[in-house]
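K.L.:
Sequence order for the protein chains is A and B. For what it's worth, the working numbering labels the leading residue of the first sequence as 1, then goes sequentially. For what it's worth, the working numbering labels the leading residue of the second sequence as 354, then goes sequentially.
Treat the hints as calculated values from the structure; they're not laboratory data. Don't take every hint at face value.
[To be verified] With a straight-line cut-off of 25 Å between C-alpha atoms, the simulated PhoX-like cross-links for lysine-lysine are: (1) A:Lys-289 - A:Lys-227; (2) A:Lys-4 - B:Lys-559; (3) A:Lys-296 - A:Lys-233; (4) A:Lys-4 - B:Lys-570; (5) B:Lys-506 - B:Lys-466; (6) A:Lys-274 - A:Lys-289; (7) A:Lys-296 - A:Lys-274; (8) A:Lys-316 - A:Lys-353; (9) A:Lys-316 - A:Lys-350; (10) B:Lys-383 - B:Lys-570; (11) A:Lys-4 - A:Lys-46; (12) A:Lys-42 - B:Lys-506; (13) B:Lys-538 - A:Lys-42; (14) A:Lys-192 - A:Lys-217; (15) B:Lys-538 - A:Lys-46; (16) B:Lys-357 - B:Lys-382; (17) B:Lys-357 - B:Lys-442; (18) B:Lys-570 - A:Lys-262.
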Amino acid sequence: MSEKVLMKGNEAIAEAAIMAGSRHYFGYPITPQTEIAAYMAKRMPKIGGTFLQAESEIAAINMVYGVSSAGKRVMTSSSSPGISLKGEGISYLAGTDLPAVIVNAQRGGPGLGGIQPSQSDYFQATRGGGHGDYHILVLAPSSVQEMAELTIKAFDLADQYLMPAMVLADGTTGQMMEPVSFDFQIKEPPAKPWATTGTKCARPHNIANSLYLDPEKLERINNERFKRYEVIKANEALAEEYLTEDADIVVAGFGIAARIAKNAVQEARAQGIKAGLIRPITLWPFPEKPFAEAAKHAKRFISVELSMGQMIEDVKLATECKVPVSLCYRVGGMIPSPQQVYEAIVNAAKEVK
Amino acid sequence: MHYKRITLLAGHYGSGKTNIAVNMAEELKKQRENVAIADLDIVNPYYRTLDSKERLDHAGIRLIVSRYANSNLDIPALPQSMYAVTDDKSLSCIIDVGGDDRGALALGRLAPKIREENDYDMFLVVNRFRPLTRTADEVLEVLTEIEYAGGLKFTGIINNSNLGAETTADTVLSSVDFGRQCSEKAGLPLVFTSIQASLADELSGKIPDLFPMILQKRPTE
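Okay, chain B solo, but in the shape it has when bound:
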């Protein structure tokens, strides 16, 4: 896909933002030289982009993340290198925003410069199998809360509906209508439907705009 200089991923926590961010960064790296992934999550100390550090290092993708992520220090701090996202225009980056409106609060610090430069996309990641975002109306509520907290408007929706390890092709197929409804209600385009790579063959041709992903390993696996 065509990437703006900055791509932001936001949504309900546990919707799959981090997995999409890592896979998008890898795709972006094939198109651009100077690519970073910025972890803006100041709420959840678990399941972070840092879990994919080796993989990102290997791909030559810069990781901008709090030095306290995945540590025992549970403090809402961001590194000074986060300013590279807005100040270094040679950088193309994926920003993994924290979950819900609370997670999006930290975005407010960067939002004015991102708005001013106006070379960004912000995608709302939705999973209809997550509680509290099971209908398009509930999704719209989360969307409004995040926009209000983060100070940026969404430009698209990503359907990442899955049931974790129990996800099958039917799971994804049963979410197509939901993705469409979210898109219509929000008045935003459906950017793609993200799936685990192992389902790509089965779903190819059945759903337009598939985004197959290699999922990050969880520390408990």
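So that you can see chain A by itself, here it is in the shape it has in the complex:
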């Protein structure tokens, strides 16, 4: 086993992207994810890769489109306001069925908001983020180790399903430092016969395009794309379950919120309350099964979020509103404390007694 390295979450994402074979990174600095760009700026020139600070987020995402069209692995990163700017480009990538990895280290919003952590881009990420009918894969790491693991997974899934994949982190997971092991088995990326690499007069042109003059064809392509989404929903949903088998109170949280919630669940168990935790690792596709299972015996769900309540809607959908779901939250860059979550569990437990 190789030796662990002490890394910031943002650095772990950057190193993982390089390990996954990405030799192209385009970005524009924004707190709290600038370490990704800083790391790429140092590393890429040493390994024959390209680091380019674009003139804007919009430029960066369109450079991503270009490299992806040419069949190469590529990543960009930003934080909330910058991701909004990339929205158009992400929609174009989805409409062209191109793989790419986009990192969002979320900060408080709306507007310029603040530089402290947030999870309030959940809707934006899980519903696509730009215009048109489409989804992107959304992976939510809750540790620095997972920042690395899920970045590599994002590249693999994006290539497999030919669509953008987002690593949805936040200011905390990006900035905190933890030991990371980089013992990853890297899969060879699949062949990309669709890449625009020059015909050499030996094959028909490959075209990377999201414009369709024929509405019937555009409808057909949308329908085909959504059939692919069904395969993804069936095969790729991922969650961590913790003490849920017999739980009366099931707490749901992703990313940094899940770490806090886990402490609260442990405290509740110590006080004799049957609490459990479901931590969605993929946010799209949303892991509906563990929620549907837990709804068979749980009496209350609590969604813990650094937002005004966004994932709570998916919890309600996944449980078909069979069990009441309450919200435990902080916003604006504030983080719920384990005590706050614990108290929410205690209150829920009182209600069902």
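Once you've looked at the hints, dock chain B against the given chain A.
P.N.:
The following block gives chain B in isolation, referenced to the frame of chain A:
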């Protein structure tokens, strides 16, 4: 240890400069009356000396820091009180320089006066478990970049190798050779090996010049 009037800590970001700065300031306060810690970081708005404000106040150590540190305003500003560092000769201070060459840029403003007075030490903080500073050669690269950006020459190396919460005595012991190599390659003395206080008993006698530290609490803890 013996302190010059000004002690600067610089290095790769995340190498542990701030923790060392806070602990050094406390030690310095036991030797001198008028002690300040100056936060010269204009790059990273997180994990600042300001996180230790209560602790520094309690020790009677003056904190010179941007009013925007730890706030939502991410602007590279320094307070006018920063000039006290060079202009008030009755002050003994620890300067926490920002990470890497970019963080050291702000030092250029103070460097001419610090050079002229010539009563300073500047220590390079290294952690062999941080990426991009894993070998003595990589450390030397960072050292040169910081000296170039900041306009001051280093006078010593501090080995602060650790793995965060997973640090054990073996973690520190496995970095001794690295610390020595950095010192030799740079032609600078190894000032001390800094460790979390809980490892002091275990490592005492095994490594010369240990500097046990009480670590600052991180906002997420």
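K.L.:
For every hint, state whether the structure bears it out.
P.N.:
Verification of the hints:
1. For the hint linking A:Lys-289 to A:Lys-227, the alpha-carbon distance of about 20 Å falls within 25 Å, and the restraint holds.
2. In summary, the hint linking A:Lys-4 to B:Lys-559 is supported, as the alpha carbons are separated by about 23 Å, within the 25 Å threshold.
3. A threshold of 25 Å between alpha carbons decides the hint, and for A:Lys-296 with A:Lys-233 the separation of about 21 Å falls inside it, so the pair holds.
4. Among the hinted pairs, A:Lys-4 with B:Lys-570 is consistent with the structure: their alpha-carbon atoms are about 23 Å apart, no more than 25 Å.
5. This hinted pair checks out: B:Lys-506 and B:Lys-466 have alpha carbons roughly 14 Å apart, not beyond 25 Å.
6. For the given pair, A:Lys-274 sits about 20 Å from A:Lys-289 by alpha-carbon distance, which is consistent with the 25 Å threshold.
7. The hinted pair formed by A:Lys-296 and A:Lys-274 meets the criterion: a straight-line CA distance of about 15 Å does not exceed 25 Å.
8. Proximity of A:Lys-316 to A:Lys-353 is assessed by CA-CA distance (about 22 Å); at most 25 Å being required, the pair is judged to hold.
9. Simply put, A:Lys-316 and A:Lys-350 have alpha-carbon atoms about 21 Å apart, close enough for the 25 Å limit, and the pair holds.
10. With a C-alpha separation of about 22 Å, the suggested pair B:Lys-383 and B:Lys-570 falls inside the 25 Å cut-off, and the hint holds.
11. Straight-line distance between C-alpha atoms of A:Lys-4 and A:Lys-46 comes to about 22 Å, which keeps the hinted pair within the 25 Å bound.
12. With a CA separation close to 23 Å, the supplied pair A:Lys-42 and B:Lys-506 stays within the 25 Å bound.
13. Between the alpha carbons of B:Lys-538 and A:Lys-42 the distance comes to roughly 22 Å, so the proposed pair stays at or under 25 Å and holds.
14. At most 25 Å may separate the alpha-carbon atoms for a hinted pair to count; A:Lys-192 and A:Lys-217 meet this at roughly 23 Å.
15. For the hint linking B:Lys-538 to A:Lys-46, the alpha-carbon distance of about 22 Å falls within 25 Å, and the restraint holds.
16. Simply put, B:Lys-357 and B:Lys-382 have alpha-carbon atoms about 13 Å apart, close enough for the 25 Å limit, and the pair holds.
17. Simply put, B:Lys-357 and B:Lys-442 have alpha-carbon atoms about 12 Å apart, close enough for the 25 Å limit, and the pair holds.
18. Our distance criterion of 25 Å between C-alpha atoms is met by B:Lys-570 and A:Lys-262, whose separation comes to about 20 Å.
Going down the numbered hints, you'll see the structure goes against none, and every one checks out.
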